[in-house]
Amino acid sequence: MVTHGNQTPNLEAFHSHPHGSTYLSEEEFVLREIHPSVDPPSPDGYSANRASSHSSDHLIEFVDVAKSFGERVVLDQLSLTASRGEFLAIVGRSGCGKTTLLRLLAGLESPTSGSALFGGIPLQGLNSRARIMFQDARLLPWLDVLGNVQLGLHGEAKEHAADLLADVGLGDRARSRPATLSGGQRQRVSLARALAHSPELLLLDEPLASVDALTRLEMQALIERLWLKRKMTVVLVTHDVEESIALADRVVVLDGGQLRTTIEVPLDRPRSRSSSSFMRIVDAIRQEILGPTTSADERSSKRDIAPHEKS
Amino acid sequence: MPRTDAVQRSRRFRRETVLPWLLPVAVLLVWQMVAMTGLFQRKTFPAPTDVIQAFVKLVMNGELASHLTISFQRASIGFLVGGGIGFFLGIVNGISNRAFTVFDTSIQMVRSIPHLALIPLVILWLGVGETAKVFLVAAGALFPIYLNTLHGVRGVDQGLLEMGRVYGLTRWQIFQQIVLPGALPSILVGVRYALGIVWMTLIVAETIAATSGIGYMAMSAREFMRTDVVMLSIVLYACLGKLADSSARWMERRWTSWSPTATRLPT
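Sequence lines, in order, name chains A and B. Numbering-wise (the working numbering), the first sequence opens with residue 1 and increments by one. Numbering-wise (the working numbering), the second sequence opens with residue 312 and increments by one.
The set of hints was computed from the structure by calculation and includes no laboratory data. Here the structure is a predicted model, which means the values were calculated and not measured. Beta carbons are placed, not taken as given, at the ideal position from N, Cα and C, and that holds for glycine. Among the hints, a few may not be true.
Partial selection, computed: residues in chain B whose CB lies under 10 angstroms from chain A [claimed, not checked]:
no., residue
1, Gly470
2, Leu471
3, Glu473
4, Met474
5, Gly475
6, Arg476
7, Gly479
8, Gln484
9, Ile489
10, Pro492
11, Gly493
12, Trp569
13, Ser570
14, Pro571
Okay, derived cross-link-like pairs now, SDA-like style, lysine to any residue, Cα gap no bigger than 25 angstroms in a straight line [unchecked claim]:
no., chain 1, residue 1, chain 2, residue 2
15, A, Lys158, B, Glu473
16, B, Lys354, B, Asn372
17, A, Lys158, B, Phe535
18, A, Lys231, A, Gly85
19, B, Lys553, B, Lys354
20, A, Lys158, B, Trp569
21, A, Lys158, B, Leu471
22, B, Lys553, B, Leu458
23, A, Lys158, B, Phe486
24, A, Lys158, A, Arg225
25, A, Lys231, A, His197
26, A, Lys158, B, Leu491
27, A, Lys229, A, Leu143
28, B, Lys368, B, Trp342
29, A, Lys158, B, Thr518
30, A, Lys158, B, Gly479
31, A, Lys158, B, Glu327
32, A, Lys158, B, Arg482
33, A, Lys158, B, Pro359
34, B, Lys354, B, Glu374
35, A, Lys229, A, Asp268
36, A, Lys158, B, Gln488
37, A, Lys158, B, Leu480
38, A, Lys158, B, Pro492
39, A, Lys158, A, Leu143
40, A, Lys231, A, Leu143
All chains should be built: construct the whole structure from the sequences, respecting the hints.
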């Protein structure tokens, strides 16, 4: 579990790599950082390292995962881990493969090659321990709000659905039809529905892309609050760099189906978006996303300003 | 009650209850006046009042009730059989691509035959008994329900289906909680079409080969030059058709109130 609140949110903090020791061994950290560069380490060395360091801490372990649809390669030799209870954000341009990565995690797609472990076991078929909150709320219009949250639940969990509605601030709308709700309220219902299943892994597929700016801020705070309360692992796919930094422990930048870099966010929660340290991370990630496909030299020079760089 | 509320209510009443009946009532009035001028013989052109008299007489001697009952039975049995088969085929072909490939071409071929063209064959094979009429009605109800059910099932939002899978619903639950309610607005459109065709088929079938029912009543009245009874039959068909349509609308309102297409029609 990542610790919060013990880092000073200044620039120096980036260079001290505050999270490394808590859930990544030094070796893993280095490997992960090297991997996206032009010359990856030998797969043998990598998996040997994985096998030896295998622990229940890692809910998600992707090694050299690739996914193609016909000729089109969507994910290319992607390696990625996430600890239990971690909040991971995946950012990148449209078509960088981030939604496909999410669908792999949900078990809606299976990798073309590589090893995709979830809780130490290869992902096969639907991942029953994960739930997705979709970009469009995907509520059933013929059920009321409570009915939607109770979808697929049995027994005790069904009875607790109403509490979850209260948690997302819609306790009084249990009997409303989705059509009568605003876009933000629908996404709240969708969040309550996902949480009602107590998933180990919550997958957020650009859930706030189509709500207005103020509602988005509110929803981000809500997601953070519920995550701190429930301690599940979250993978958030988003276009919104500020959103990723406001919420995530780590931000993964994807580019053309490859992992470009991973950036730690060592800021206190709740995070102030106006702080200079926040803005620095925003800039660093933007440059990673917007930068042209670069050679190894350029990439290493870019990473000088990346906050995770060891000093 | 505030005055404005009462005003609004009476306006609504005027708009929703009075307006739809304005035209039929006007037609009746004109009809009555033309008949009373004596321009035509009352025997060939009865006034609405004559039709009402015939109606009262047939109600009193019980003839009307027995004809109505038998027609209604034929209509409902035929509708249930044909609609049931159409619904089943529509669901199966909507869910399974393989079933669609195997059956749809055949169904479309059969559909393109006007079912009333089967009457000679049906009389040869099934005679003029109840089975023949029920068969014709069923053949008429089957295709609109098949087409609309198929269309409804195919049109269910793929995102909702995927959501159902991710949220751990079984195949049966997905069918019952997502596919069926999602297809229902379209299915009910099919029901409305089918009900219209059911009455039309029944009229033709009863007119051609029957010894009871509204259609038979009209045909036997023709032999005795009872134009008033013939007209009464026609009016009865109009009323029964309206009743069937209203019940279909009632189902739409009750079961698909969530759907934007169902609420678009003024009720």
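Do the hints match the structure? See the list:
1. Gly470: At about 5 angstroms, which falls below the 10 angstroms cut-off, the nearest Cβ of chain A leaves the hint on B/Gly470 intact, so it holds.
2. Leu471: holds (6 angstroms)
3. Glu473: Holds - the Cβ of B/Glu473 comes within 10 angstroms of chain A, reaching about 7 angstroms at its closest.
4. Met474: Since the shortest Cβ distance to chain A is 4 angstroms, the answer is holds.
5. Gly475: Holds. Min distance 8 angstroms.
6. Arg476: Constraint on B/Arg476 satisfied, holds at 6 angstroms.
7. Gly479: holds (5 angstroms)
8. Gln484: holds (7 angstroms)
9. Ile489: holds (7 angstroms)
10. Pro492: With a minimum Cβ separation of about 4 angstroms from chain A (threshold 10 angstroms), the hint on B/Pro492 holds.
11. Gly493: holds (8 angstroms)
12. Trp569: With a minimum Cβ separation of about 4 angstroms from chain A (threshold 10 angstroms), the hint on B/Trp569 holds.
13. Ser570: holds (7 angstroms)
14. Pro571: holds (8 angstroms)
15. A/Lys158 x B/Glu473: With Cα atoms ~21 angstroms apart, A/Lys158 and B/Glu473 stay inside 25 angstroms; holds.
16. B/Lys354 x B/Asn372: holds (22 angstroms)
17. A/Lys158 x B/Phe535: violated (70 angstroms)
18. A/Lys231 x A/Gly85: holds (5 angstroms)
19. B/Lys553 x B/Lys354: Distance ~28 angstroms between B/Lys553 and B/Lys354 Cα, so the pair is violated.
20. A/Lys158 x B/Trp569: holds (23 angstroms)
21. A/Lys158 x B/Leu471: holds (20 angstroms)
22. B/Lys553 x B/Leu458: Roughly 23 angstroms separates the two Cα atoms, so the pair holds.
23. A/Lys158 x B/Phe486: Holds - the C-alpha atoms of B/Phe486 and A/Lys158 are around 20 angstroms apart, at most 25 angstroms.
24. A/Lys158 x A/Arg225: holds (22 angstroms)
25. A/Lys231 x A/His197: holds (14 angstroms)
26. A/Lys158 x B/Leu491: Roughly 22 angstroms between the alpha carbons, so the hint for A/Lys158 and B/Leu491 holds.
27. A/Lys229 x A/Leu143: violated (28 angstroms)
28. B/Lys368 x B/Trp342: Within the cut-off at roughly 21 angstroms; holds.
29. A/Lys158 x B/Thr518: Given pair A/Lys158, B/Thr518 is violated - Cα atoms ~58 angstroms apart, limit 25 angstroms.
30. A/Lys158 x B/Gly479: holds (14 angstroms)
31. A/Lys158 x B/Glu327: violated (42 angstroms)
32. A/Lys158 x B/Arg482: holds (20 angstroms)
33. A/Lys158 x B/Pro359: Given pair A/Lys158, B/Pro359 is violated - Cα atoms ~62 angstroms apart, limit 25 angstroms.
34. B/Lys354 x B/Glu374: holds (21 angstroms)
35. A/Lys229 x A/Asp268: The hint holds at about 16 angstroms.
36. A/Lys158 x B/Gln488: holds (16 angstroms)
37. A/Lys158 x B/Leu480: Between A/Lys158 and B/Leu480 the Cα gap is close to 14 angstroms, so the pair holds against 25 angstroms.
38. A/Lys158 x B/Pro492: Between A/Lys158 and B/Pro492 the Cα gap is close to 21 angstroms, so the pair holds against 25 angstroms.
39. A/Lys158 x A/Leu143: holds (15 angstroms)
40. A/Lys231 x A/Leu143: violated (29 angstroms)
Of the numbered hints given earlier, the model fails hints 17, 19, 27, 29, 31, 33, 40; all others are met.
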